[in-house]
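Enquirer: With the hints as extra help, turn the sequences into a complete structure.
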Amino acid sequence: MSSLEITAHALRVDRKSLFWWAIGLVLTTVLFLVFYPSIADNAAAYRQAIEGLPDALKAFAGGEGDPVSPGGYMQGQFFASLGAWLFFAFGVARGGRAIAGDEDDGTLELVVAAPVGRTRIVAERALAMAIELAVVSLVTWVTLVVLGPPFELDLPASDYAAGVVGLGMGAWVFGALALAVGAATGRPGVAYGVGGAAAALAFLCTVLAPLTDILNDRRELSPGWQSFGTRPIETGFHAGDMAILAVEGLVFIAVGTWLFLRRDIH
Amino acid sequence: MGAAITTEGLTKRYRGGDVVALDSLDLEVAQGEAFGFIGPNGAGKTTAIRLLMGMLRPTAGRGEVLGLDCQRDGTQVRRRVGYLPGDLRLDQRLTARQSLTWFARLRGERNMTRAWELAERFDLPLDRPARELSKGNRQKVGLVQAFQHRPEVVILDEPTSGLDPILQQRFQELVVEMRGEGGTLFISSHVLSELEQTADRVAMLREGRLLAVENVEELRGAAPHRVTIRFAAPVPSALFDGIEGVSDVEIDGSLARLLVKAPMDAAVKAAARHEIVDLHSTEPDLEELFLGMYGDAENGEKDDDQDRAVTER
Chain A
0 MSSLEITAHA LRVDRKSLFW WAIGLVLTTV LFLVFYPSIA DNAAAYRQAI
50 EGLPDALKAF AGGEGDPVSP GGYMQGQFFA SLGAWLFFAF GVARGGRAIA
100 GDEDDGTLEL VVAAPVGRTR IVAERALAMA IELAVVSLVT WVTLVVLGPP
150 FELDLPASDY AAGVVGLGMG AWVFGALALA VGAATGRPGV AYGVGGAAAA
200 LAFLCTVLAP LTDILNDRRE LSPGWQSFGT RPIETGFHAG DMAILAVEGL
250 VFIAVGTWLF LRRDIH
Chain B
0 MGAAITTEGL TKRYRGGDVV ALDSLDLEVA QGEAFGFIGP NGAGKTTAIR
50 LLMGMLRPTA GRGEVLGLDC QRDGTQVRRR VGYLPGDLRL DQRLTARQSL
100 TWFARLRGER NMTRAWELAE RFDLPLDRPA RELSKGNRQK VGLVQAFQHR
150 PEVVILDEPT SGLDPILQQR FQELVVEMRG EGGTLFISSH VLSELEQTAD
200 RVAMLREGRL LAVENVEELR GAAPHRVTIR FAAPVPSALF DGIEGVSDVE
250 IDGSLARLLV KAPMDAAVKA AARHEIVDLH STEPDLEELF LGMYGDAENG
300 EKDDDQDRAV TER
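Protein chains in written order, with numbering that gives the first Met the number 0: chain A, 0 to 265; chain B, 0 to 312.
No lab work stands behind these hints: they were computed from the structure.
Covered stretches of chain A, as calculated for chain B (at least 3 residues, CB under 8 Å):
1. 5-17
2. 103-112
With beta-carbon atoms standing in for the labels, derived distance ranges:
3. 109/B <-> 15/A: 18 to 26 Å
4. 34/A <-> 14/B: 52 to 60 Å
5. 15/A <-> 120/B: 30 to 38 Å
6. 65/A <-> 14/B: 56 to 64 Å
7. 12/A <-> 261/B: 52 to 60 Å
8. 119/A <-> 134/B: 29 to 37 Å
9. 163/B <-> 137/A: 46 to 54 Å
10. 61/B <-> 119/A: 21 to 29 Å
11. 61/B <-> 11/A: 31 to 39 Å
12. 262/A <-> 120/B: 36 to 44 Å
13. 22/A <-> 109/B: 31 to 39 Å
14. 122/B <-> 260/A: 38 to 46 Å
15. 131/B <-> 216/A: 58 to 66 Å
16. 281/B <-> 15/A: 53 to 61 Å
The model shown is predicted, which means the values in this text are computed figures rather than measured ones.
No residue lacks a Cβ here, since even glycine has one placed at the ideal position from N, Cα and C.
Expert: Structure, rendered in structure tokens:
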């Protein structure tokens, strides 16, 4: 086999579902954009309302930054909130589906019957997932850059890029984890479960980290920290953090492949 | 010619050894041979096939296809082998045409001439999505993909299940064609009768163990035919007494029923001394014969050495 047939095939058969995910993300993003002008108009009252919240809820509303500034609003309402959930969920859905989903519905059988090594199958599926994450990230970024300014959210395109890349790389980590667990076990339920639980845990640890020293002293251990905890929408692109996330995903995939090579396919 | 498929002590156990799916299988299938693999569901046929295809990792022993190790050189093995899974699942979203194109691309093949030719021969509707295909049509997709790259060896797990008689005929033609090109066929079935016309030799598998390997022609030759003769008038009941190869004679007036082993000459000549209205000879039921010969082994009365002695014959 000469070219990336497995990647190409995965992208081809997934394109409809990718389209709907992208539509969903665009609509969600727009939903947060349209609320901003009314919040900015009532900045004082909004600020006061958030100040009055218990610390735990305050953390969910954006943490330490100014919740009414464009960057603070986007961080609190989108990047450290529903945006992260959707990105991570997309990654886990794609990763869990890649090997375990195909094995569960029986279509992996004729792929492994072809003259293609298992390492290659995992690598090409991981590549397809990475490409889909890039597409979803690009669509989200374009939405923010084009539709942000009309709603008074005219942040630099590079900051939007930093924020979106952070989410995309976070999704890569949890997607890679789900893919690896799926490759190791062949069970999509386990893959989705482990990937989803890890994503939820990382999300909560990062959002709630400021509340307690136990979490805060170790906040770098959560991929959520590198993904959105460093507030890339305000602080810009963190190359080192992105590299950490990239490597974490690759390590999951390498371990998953190692286990995939040693087991029976059912 | 060398061996197309060899297994040595090929064993698969599950759950820490408690469940034995395949117990030390020793087989040798020659190149150009059509080899049948018979046994009831759960006998270990699919396990053996999936070990050869590299989907399962053996607990012990090894398998070779065309001199290549099924585990270590699995990719090279699969390049030269066509495979039909026992439980074929197609991507529901794809049409037969898309599925076949995808399977070809997995092999680096872009020329679909042979695939479309086979599809036409099997009368396969190419542009309907898999979810709308009948079991028979899905099985056709499986057969086309197994043969479309002109493999040297095909390994088919229950290939004729779901096929109507006409398609079984088409399948037989494909088998004959492949044999004409020197190809090797390894075909499993839960009934011997499906393979009687196809296979040179058959292996019988029970509960993970190989009972015997038999040459179909010899088996057929050794087996008595059931012969029914209707005479014009009642015949003496001692008509077939002392005639070689005859047994189980039942004579009821002008009707005689008997078992006759080939050659039938003596029996037919004895009968021909009387006026015959009708003579009917039925092929032996090999399944029954096979079970009669080896059915006891199910109870573990046969030991491994005996199994091997039969295998190596």
